[in-house]
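Just so we're aligned, residue 247 is where the sequence shown starts under our numbering, counting upward by one.
The set of hints was computed from the structure by calculation and includes no laboratory data.
Remember, it's a predicted structure, so these values are computed and weren't measured experimentally.
Cβ coordinates follow ideal geometry from the N, Cα and C atoms, glycine included.
With a straight-line Cα cutoff of 30 Å, these simulated DSSO-like cross-link-like pairs (lysine-lysine) come out: (1) Lys375 with Lys494; (2) Lys375 with Lys457; (3) Lys595 with Lys615; (4) Lys457 with Lys433; (5) Lys307 with Lys322; (6) Lys635 with Lys615; (7) Lys526 with Lys494; (8) Lys681 with Lys322.
Pair by pair, the computed Cβ-Cβ distance ranges are: (9) Thr665 with Gln372: 54 to 60 Å; (10) Arg337 with Gln432: 40 to 46 Å; (11) Asp334 with Thr591: 24 to 30 Å; (12) Leu710 with Lys681: 42 to 48 Å; (13) Thr591 with Thr338: 27 to 33 Å; (14) Lys681 with Leu288: 33 to 39 Å; (15) Ala312 with Thr354: 51 to 57 Å; (16) Ser389 with Ser442: 17 to 23 Å; (17) Thr665 with Leu710: 54 to 60 Å; (18) Ser513 with Ala534: 21 to 27 Å.
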Amino acid sequence: MTTTSSTSSTSASTSTSTTSSSSATAKLLASLGASTIDSSGLADQLSAAQYAARIDAVNAKQSKVATQISDASTLKSMISSLASSLGDRVRTGDLAVTPTITNSTVATVSKGTLTGSGTSTLEVTQLAKGQTLVSPAMASTASAVGSGTFTLRFGTVAGGAFTADSSRSQVDITLTSSDTLSTLAQKINATGAGVSAYVATGASGAQLVIKGADGAANGFQIETTPAAGDTTLAGLAWTPAGDATRLKSTATDAAYTLDGVARTATSNTITDAAPGLTLKLTGTNTGAPTTITFSDPSSAIQTAMTDLVDALNQVVSTLTSDTDPTNGSLNNNPGARSLRQTLTTLASKVVMPNAASGQPSTLSDLGLKINRDGTFSLDTTVLGNSLSKNPDGVAAMFTNGLYGVYATFDSISRSVASTTDPGSLGGVITSLGTKQATLTTQLTDLQNQQATLRSQLLTRYAALATKVSDSQSTLTFLTNQITAWNNKSG
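With the sequences and hints as input, model every part of the structure.
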C-alpha cells in the first residue's frame, strides 16, 4: 500500500514537471514567434525620427523664403504694371495736347516739341518738289555715254536762267569709254550729293533719270567736258536755256499760309510750324483754308491722376501688409524699406527739372498728396488750378520724353527691379533665390542621409532576422526532442 502510494506520487510529480516544461517551451516559442518584425516599416520610422526635426526646419525655412520671394515679386510686378500702364496711356496721346486737321488731304499734323493750343487755319498753294531731269534716249542701258567729265552744278532754276549756289561745290564724275547709262547712274548715286539716278526704258529707248532733293535751291544743271575725240558725252549736258522737254519737274519750295501769314519751306515736312505743331504737307487747297484744332486733355489728365492714386494705394496696401511687424513676410526687408522711402518722397519729387519758373514741376503740383498713414489722395482743387493756369505745363508732364510723370515711374520701376542693387526688390529676390537654392541642397542632403540610414537599418534587421530564423530552427529541434523524451517517460 505504502509502496503503491509512493509510486503514484512519483508519477504525479513527473507529470506536473512535464506539463510545466511544455508550458515554458510554448511560451518561449510564442515569444520567438512574436519577434517577427516589419523591418521596412521600422526602418522608415526610425530613420524619419532621426531626421524629421532637421528636415522640418529646412522645409519651414523654404516655405518662409518662398513667401518672401512671392510677396517681393508681387510688389515689383505692381510697380512695373503701374509704369507700363502709364506709359501706354502717354503714348496714345490722350494726355497731351494733340492737333487735328479738318482736311486730311492737305496735310497730316502732329505734336511738335512745344505745346499748342486753340485753332489755326492752313492754306497750301504749292508743295515742295525736287528737280527731275532726263537724258536724251539711247538704245539700251548698256549704251556708252562717252568719256570725259560729267559735272553736276547746283543752284536755282527759274525759267531759262540758272543761279548757282556758291555754298555748294560742284560734283565731277570721271567717265571712261567703258561707261554706260547704267554705270553712270551708279556713279551719280555714289556721290552722296543729294541726287539719285536710275535708267528708265520706254518706247523711245533708255533714258537716264536724275532726281534732286526737294526745295528750290536744290536745282541743278549738267555740264560736260568730253575727252579728246569723244562726240557722245556732250549730248548729256543740260542748261535751263536748253531743251525744256528734258526738264520733267522744277525744284520748288512749299508755299503755305498758316494763321494768315504766308510762308515757304524747302521741305513738305515742317517742324514746329507753330508752337506744338508739325506739318507734313500732302496736297494743296488754294482758296479753301482748312482748320487745325488742338485737343484739351484736361479731363483725361484728371482721370489719369485718379487712376494713378488708386494704383499707388494698392501698392501701399500690399506693402503695409507685407511689412507688418508681426506677420509681414518682408518686415525689415531692405527692398521693401527702399520702396517705402521712394513712395514717401514721391509727391515732392521734381519730375520736370527743365520746367520754367512758375510752371508745374512736381507731382504735388498735379494734386498728389501723401497722407499720414502713407496712403495717397488727389487734391482736385490743386490739379484744377494747375490745368487752368498752366495747361501747357501740365500737358508737358505727360509726354513720352526724358522727364515727366511717365519717365519718373519708369525710372522707379527700373530701380525697383534692379538685380544688381542688393537694396532693391529685384536684388532681394535674387538673394532670396540663392538662399532658396542653398536650402534645397540642404534638404536633398538630409533626405539622402535619411535614405542611407534606412538602408543601414534594413541591413541590420535582415541580419537579425537570419539569427532569429536560426534560433527558431534550433528551438524546433529541441522541442521535438523534449516531446520525444516526454512520450518515452509516459
